[in-house]
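Trainee: Heads up: the sequence lines are chains A and B, in that order. For the first sequence, the working numbering begins at 130 and goes up steadily by one. For the second sequence, the working numbering begins at 7 and goes up steadily by one.
What the simulated footprint calls covered on chain A by chain B, stretch by stretch (three residues with Cβ under 8 Å from a Cβ of chain B suffice, anywhere in the stretch; the number is not a length):
(1) 191 to 205
(2) 209 to 220
Here are some, though not all, of the chain A residues that point toward chain B, as calculated from beta-carbon distances under 7 Å:
(3) G182
(4) F183
(5) R186
(6) L187
(7) N223
(8) R224
(9) D396
(10) A397
Hints are computed from structural coordinates only; laboratory data are not their basis. Note that the Cβ used here is the ideal one computed from N, Cα and C, for glycine as well.
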Amino acid sequence: MGRVFVIIICALAALVLLYLVVRNVSHEGRYSMDIGGAAPTAAGGSDNSAETGFKSRLHGLGIFSGTILGVLLARLWSMQLMSSDNYYQQAESNRTRTVTTDAPRGRILDRNGVELVTNRPSLTVVADPSVVDDEVEMQLLANLIGMPYLAVRRKIQDQSAGAQSKRTVAVDVSRRVVAYVEEHTHLFPGVEVVERTERYYPCGSLAAHVLGYTGTITQEQLDWSRDPNNESGITYEEGDIVGQSGVEWQYESVLQGIRGEQIVYVDAYGTVLDHSSSVAPQSGSDVVLTIDANVQQAAEESLERRIKLLHDGGYTACIAGCAVAIDVTNGEVIALASAPTYNPNVFVGGINDDDWNALSSEDGGYPLINRVVSGQYPSASTIKPLGTFAALDYGIASEQTGFYCTGFWTGFGEDYGQYCWDHSGHGAMTLQTGITYSCDVVYYEVGKGFFYSDQPEGLQETYRRWGLGAETGIDLPSEEAGRVPDAEWKWNYWDTAADDVRAWQGGDSTNLAIGQGDLLVTPLQMACAYGGIATRGTIWRPHVLKSVRSATGTGTVIEHSPEISHSVQEDSSYFDLVIRGLEGVIYEESPAQAEHFVNMAETVAGKTGTAERPDQEPTGWFVAFLPVESPKYVVASLIEQGGFGSQSSMYVVRDIMGAIYNEPDTSDAVDTTGAR
Amino acid sequence: MAELTGSQPAGSLTSLLGRESVPTTQKRHRGGWRQAFYWQQLLPALLLIAYGAVVIWSASLNISSANFPRHMMGIVIGLAAALFMRSYDYRALANMSTALLVLDAVLMVMPRIPGLGLSAMGMTGVVRIPIIGFTFQPSEPAKIVTIFLMASLGAQFNGKIENLKDYVRLCAILTVPFLLILVQPDLGTGLIILVTGAAIIIVAGPRPSWVLVTIGLIVGLAALAIVTSMTPGLPHVLKEYQLNRLIVFVDPSVDPGGSGYNLQQAKIAVGSGGLLGKGIGNASQSGTGFLPEAHTDFVFALLAEEFGFVGAAGLLALFAWTIFATISLAQRIEQPFAKLVLTGVVTMWSFQILQEVGMCMGIMPITGIPLPFISFGLTSMVTHCLAIGVVQSVWLHRSKPA
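Bound conformation, chain A alone:
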């Protein structure tokens, strides 16, 4: 319709032009005829040739003017009718600006609805961009808040939320500042105090390694979010607060709200003339975790107390450890603690240098590391149940096979003798009692058996079937996979050494069978493997997310559905043997150890472990599940350089079990046997 109209208009314009030119010429003709009839005038003197010269030259003048107007019309046509959309968009982008308002992040709750992370109101001084032109006002503001003048100026110049946005000058200002600004509005034109929200961790350091912390978006995150393949649908701006670790990082896309946007019309100087469409900010969704705040607290307190006791009791290098409790029936993580820990509140509003140095120092034990998922340790004796399955599966030994422990094993000849941890010897042993008493000799024999068998890597294959050497897939960042060493790995790892050093030796097999040497596992992997033993072969993928609540209303958007990560096939009688052996650890290995568990109603099965490293105090393991009759929870703990498992992490596991079943440990018995 519009186009037709245009064509008609232009056709008319062209006709008018044509008419004018033609009429001009026709009139000329008429006057030429008049010339014939009229007498020459006194003004004449010019001849006909001059007259026709004028005529053609004035005609040329008409062409000159007509060409100018025609060219201008053609250009006008091309700009206003052919490319109009392009110019219109440029004009729109010229006069519209987008101002954004932050959306509150979603909260993080424990499984019972206890707030672990929330947002707290924060009184914030904001200023119009124009305040930057008023040096006196900025100086006054700086004096009032107690900030350097240049810092105030820099904050007001920051355009990251849009050129027309209010600039944040200071957060968490005192009531005194608020009162002063509000009583002296004439001194502070363009400045106001608004209530904004800040991330807040009401329980302090509780579950810090699960929750993680937030911080200003990094350049990589910014680039990632601008990647067109980014599926989260959130686009970030510089200066945005995003999750940097833990659940804050893992579920960023859920927790992050959708920023509010306001389109404003501006003039060339950026002055807002009018407001257009606005989209209200949409706060992020609340995340409900599988964590039980009570059990979590018990775990952290027990871990801290035990580490302190050991540290004060002579283990001066003992500052770190961790513990995890998982529901073996669905993989829900009930508690996850790592020591030393930190308070995520220090990251709110930007961490200062002193805090950051403390959190990243070796002396402090690297508190930011989540040792449950990122700590890699030799498994020590906790591996023995898996070695037992391997021995039975590959026919290296049977349930009836007898072993004899003298305390010193010479299976590879006198020159290559190896001690059992109990140098006095365990005497006659089976696979089951080998677990219960953690007899190394039994597993030296198993390792030797594999070394000489036609399936020398049966041990590794069994370990891997139980989930070692691979990430469990928990929904937390920075998980490590550990390492199940085999001949190929060793050959490549020692690629500069001599061939006989690089080759797999008998000693490597025996080390692997007792969980020392090159084997590395994470506490989470061991907890999952023991959970699989408890359920007789089903390992659920561990997870900390229980559900995501709807951002609007009270409904649940996402319910986490449990997922089986490994289904391990073992003969039922093998499970019977292993579980009986693990029960024996609790109730038979050491009377003092047993005392801590007989005061519980539930039957417990578990294993100690003690990882040795040269020139270090040993690192103690304890992994256990309960109730044996119908298993529900597996609890694992590890304390670095704090001595044997039975004297360190065992207490932590017991305390966590006590917290779950409300059966606190009443025994003060101390193990003196050195059970490992």
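Following the hints, put chain B in place on chain A, whose structure we already have.
Mentor: Quick look at chain B alone, frame taken from chain A:
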């Protein structure tokens, strides 16, 4: 020789107007008001002035320096000047070339006289008349004076310049006002003077070969001026900002924040107007400061944004109407002086339209030239009204012997 005028012109006059043939004697009194003015040219010119008043009024809604009452005052003064000019017998000027040359030179030099000249925007082209405190640009009326000057000199040759010496003398006299305005410096007005004067000389009847050689010389000199201005060490004839405008014209992306910004914003304003425009007062480009000088140098961009293609094409149609009506009169009038005066007026309008409109659409370099009848600016309005008066004077005095 066309005897257009004389004792019994009425019959031919009405047919000139393109109307039905009317018996002359009876209709003389009733048709007097019709014959008193050359409506073919006057009507579109008045429509243009009205159109301009609407545009400036809409600009005054947003732009504080677009003072609408002042614009209206310019129109009133201009129309009064036009009426005076119309009744003045322009033919008297044909023999006053010396006086015209002196007047022209005085006008050009006026802004440089201490106590009169004002410095504005890096140019000293503005004069404040003492006592009444009225400011105006003498170079604007000087354009009309130059037209008369060149026409009075060119008319002596009755349409054929036989002698090269005469031709060179004509060209030399034109360079006087041209050089005087160039050193002010005002390259834009200088170009109008040059083109207008050149058109009068060409219509006056020199040999085409002389003209071609002259144009070749001018192009060569201009190229030399640009090259020396761009080469360090050589004397810079063009000022830096003039050179920048030329460079930006060739490649607007070199300086999007400076001169290129204006050009880019003007093009956005024109292009975003679309077919029907954004309506009066809704010009987001020109009305909110993105386009500077939207009521003066870039007034066409404002008009095109508000009234769209329909409004802008309508403006060009009105210009075409008034220009071709003037050319038509020049064809019919017999005195060479009148022909040359009208040639000058037509060329001045045509070139200013080309310059102003073309600049807004990026096909001409940026110069501060107003759009006749439309741009805000008192001197310019009065000058172009005066030009209307000149055309009307030619019409009115067509019958009397020269």
